[in-house]
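Enquirer: The lines below spell out each chain.
2 protein chains.
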Amino acid sequence: MKNNDISFFFNPKSVAIIGASPVAGKLSHVIMNSLKDIGYPGAIYPVNPKYKSIDAVECYHSATDIKADVDVAILCIPANGVLKAMDDVIKKKVKGAIIVSAGFKEAGHEGVELEEKLKKISREAGIRIMGPNCLGIFDNISKIDTFFILRERVRRPSLGGLTILSQSGSFAGTIMDELSAEGLGVAKIVNYGNRVDVGESDCLEYIAEDKSTKVVGLYMESVDDGKRFIEAAKRCTQKKPVFAIKVGRHEAGMSAAKSHTGAIAGRYEIYSAAFKKAGIIEVKGYSEFLDACKVLSKQYPAEGKMVLIVTDGGGMGASVADACSDFGLIVAEPSQKIKEILASKLPPFCAVGNPIDLTGSVTDDDYVMALRETMIEYDAAIIMVLWGPPTLTDKLIGMLADAAAELKKPVIICSPGGEYSHKRNKMFEEAGLPVFSSPEEAARAAAVLAKTTHS
Amino acid sequence: MKNNDISFFFNPKSVAIIGASPVAGKLSHVIMNSLKDIGYPGAIYPVNPKYKSIDAVECYHSATDIKADVDVAILCIPANGVLKAMDDVIKKKVKGAIIVSAGFKEAGHEGVELEEKLKKISREAGIRIMGPNCLGIFDNISKIDTFFILRERVRRPSLGGLTILSQSGSFAGTIMDELSAEGLGVAKIVNYGNRVDVGESDCLEYIAEDKSTKVVGLYMESVDDGKRFIEAAKRCTQKKPVFAIKVGRHEAGMSAAKSHTGAIAGRYEIYSAAFKKAGIIEVKGYSEFLDACKVLSKQYPAEGKMVLIVTDGGGMGASVADACSDFGLIVAEPSQKIKEILASKLPPFCAVGNPIDLTGSVTDDDYVMALRETMIEYDAAIIMVLWGPPTLTDKLIGMLADAAAELKKPVIICSPGGEYSHKRNKMFEEAGLPVFSSPEEAARAAAVLAKTTHS
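For the record, the sequence lines run as chains A and B.
My numbering puts the first residue of the first sequence at 1, with every later residue one more than the last.
My numbering puts the first residue of the second sequence at 456, with every later residue one more than the last.
Incorrect hints may appear among the rest.
As the list claims (entries may be wrong) - In silico lysine to any residue, SDA-like type, Cα no more than 20 Å apart, as pairs: (1) B:522 <-> B:493; (2) B:878 <-> A:183; (3) A:284 <-> B:892; (4) B:481 <-> A:390; (5) A:284 <-> B:785; (6) B:481 <-> A:389; (7) A:423 <-> B:874; (8) A:93 <-> A:44; (9) B:878 <-> A:156; (10) B:878 <-> A:282.
As the list claims (entries may be wrong) - Chain A is faced by these chain B residues, among others (derived, beta-carbon under 10 Å): (11) 526; (12) 786; (13) 801; (14) 804.
Think of the hints as simulated: they come from the structure by calculation, not from any bench.
Since we're looking at a predicted model, the values are computed, not measured.
A virtual CB, placed ideally from N, CA and C, is assigned to each residue, including glycine.
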């Protein structure tokens with residue numbers, strides 16, 4: 001009876017907003033505006049017995065009063081009214097409901113019962129349910145945005161190949177804002193919250209076949225059906241890289257995760273093993289998740305763990321080497337042959353090991369020469385650029401981007417510092433290179449790329 | 456014969472610049488400008504037989520031609536001319552020399568010999584030497600700046616209580632720029648490079664008695680005299696917090712450190728034990744060093760490891776809890792009594808554990824109430840502020856700063872996100888609260904504060 005194809009959620013021809021309101025700041029009003037702002041091309045039907053029209057759009061007494069077909073109903077009403085509203089939604093033969101309302105499992109006993117009833121409804125009526133306690137769907141291709149977060153506070157990212165699937169709404173909203181600030185392009189962001197029906201496995205199955213998604217980031221606190229999850233994830237990882245975070249790795253995090261979505265987070269090790277089995281790249285914190293978004297969106301995967309470090313500051317280069325070793329990368333010296341080539345082309349006080357230290361006398365050309373001569377022996381490079389030396393010019397940015405594109409191997413920029421560096425970091429990003437502002441972030445990102453072939 | 460008091464380096468009444476040049480961009484010219492720009496109040500004597508005057512200041516043929524006394528000579532000439540120049544400097548009875556020139560131990564065999572000769576000169580003539588291959592001294596109190604890095608590229612930080620001692624020049628320059636960008640106040644930054652004479656122990660002895668320094672950050676690749684270092688560090692940690700990084704923890708980092716200052720970095724474990732013995736807080740990477748600068752400049756030390764997490768997003772709060780556990784902090788729930796108080800003052804869907812999840816319905820007052828009611832049972836707090844909820848206003852910033860000041864316990868802000876958050880993070884900083892933009896950074900910083908009483 002259940003419709004296994006959830007693609008209509010991502011391509012609804014029409015949506016009804018149950019509990020629509022003309023009051024600015026109200027959840028349902030924010031959602032209406034989110035849909036308008038992204039340019040949703042379908043029909044929007046507000047539903048609320050209190051109003052005849054909302055923002056000049058006809059408002060319906062009940063979902064059943066809408067004449068046209070409705071693909072998706074978005075429920076923004078208090079938890080205790082949801083079951084009654086679902087009756088109408090089902091009568092209207094809506095394909096799926098996104099229940100954004102909170103106050104379910106996470107609010108205690110009564111909420112648990114409500115969720116059981118929703119599960120039953122979904123099963124029996126064959127209607128698919130996303131949520132409750134969720135933000136729903138942001139889709140940059142089909143132009144859906146059901147997120148009830150003001151655009152002034154959380155910006156929407158530009159179009160790209162990254163899709164985020166998240167159990168947590170705060171994670172989905174925060175990462176959305178970060179990705180916008182970083183200028184990283186997004187295909188879809190999905191938050192299914194308490195997951196009475198649609199969850200990570202449904203989404204992975206759908207996303208596996210989705211041509212617009214090139215990379216998938218998954219946030220998990222718990223899993224609904226472990227076996228099905230591994231199957232769905234496997235199918236997805238065969239087509240595109242998937243990285244995942246399991247939150248609630250420790251006792252404290254686990255009880256936190258439990259209280260907020262009502263889910264019982266299982267033992268961390270089981271998740272870690274499942275990720276491995278499914279070919280998923282595991283990341284271990286919010287920062288690493290963000291690093292993974294950045295490098296996997298922009299870079300070729302690394303074919304191994306051999307990392308080259310090029311720097312113009314010895315001490316800072318040594319910090320990158322330390323961090324690389326911490327993250328399991330191999331920082332081996334180049335061969336004698338390549339060392340000789342480098343030595344012949346660099347001043348005598350430069351260090352031609354790994355890191356290659358070009359020193360404060362560095363030129364733009366030195367960086368590119370060192371990278372080109374050496375990369376044949378490495379899987380990835382971290383180029384540390386400290387902008388102190390006055391001999392360095394902004395031309396370096398384009399030169400390194402060109403070299404990276406030709407080498408077809410991951411090249412990561414690491415450029416810590418203040419204002420002068422921050423501006424150039426934006427320029428590196430615009431040139432398509434992933435930039436990190438500390439040795440530790442750069443090394444962690446390189447390690448994520450190395451895991452793409454070592455999972 | 457050796458002058459054990461190195462305070463004259465930080466308070467020179469006059470400096471001679473050996474190898475001064477009028478050519479913009481030349482090392483010595485940058486130094487002359489650095490001294491002028493910071494407002495160095497003493498006399499500057501350029502020395503170079505090629506010029507009669509430099510930038511309208513009389514230029515001397517040799518150091519011995521200067522009539523007045525000279526406290527410090529700054530040598531900016533090629534390595535092979537340094538010994539000859541030192542003859543004149545010694546004849547002139549200069550108290551100390553800062554040799555910024557590179558091309559010594561780090562450049563190979565001849566350089567090693569040169570350094571041995573410098574060591575001998577220092578011992579026999581009783582002249583103190585900083586360097587070679589160093590940036591020297593930046594002192595915000597006495598207004599010295601011998602750093603040959605253009606201000607346009609690396610900004611100088613404002614006045615404050617933080618002093619950085621660094622073997623590495625690139626580290627000193629980069630951290631200087633970061634501290635400026637973060638708005639963190641600095642007393643002094645010292646870079647002694649190849650350390651033929653003045654090193655970490657001399658500086659720690661001096662800084663221990665320096666009233667302007669409240670916190671000390673130390674960057675080490677190697678140590679000159681381990682026993683003396685521990686003694687000097689102990690004396691310093693008895694008066695103010697000292698945190699340190701040992702770079703070259705792994706084989707790769709070690710060889711990198713070796714090639715760039717010519718020092719042989721010892722086994723990491725020995726350093727770690729020495730830090731512990733001396734009461735030094737060990738940090739393990741550039742990022743953690745920067746975190747330590749931030750929290751130790753701004754916060755009371757934590758009296759234990761019990762950390763409270765307050766959040767308005769459950770999933771993001773769970774990430775903070777995970778990260779805190781990773782860094783050895785204790786994320787225990789508040790007592791039943793406090794839970795009841797919180798429950799009586801918050802809506803039923805809030806989670807009153809640890810994290811306290813105020814949810815998307817949060818108000819400014821909720822944050823402050825939760826903090827005030829609960830902190831009696833905790834040593835530090837991480838307040839995660841996600842700005843999505845429209846009920847949150849900018850007033851929250853001042854309210855949290857006031858509450859933190861009254862509580863006299865560390866309160867750390869964690870606010871990831873995009874532009875809207877970035878702007879408010881600046882406001883948090885201006886209000887005196889340390890802000891971090893990821894759960895991992897915030898937790899690491901809290902762990903640094905906890906180490907102040909657990910070392």
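Enquirer: If you check each hint against the structure, which ones fail?
Expert: The structure breaks hints 1, 10, 11, 13; every other hint is satisfied.
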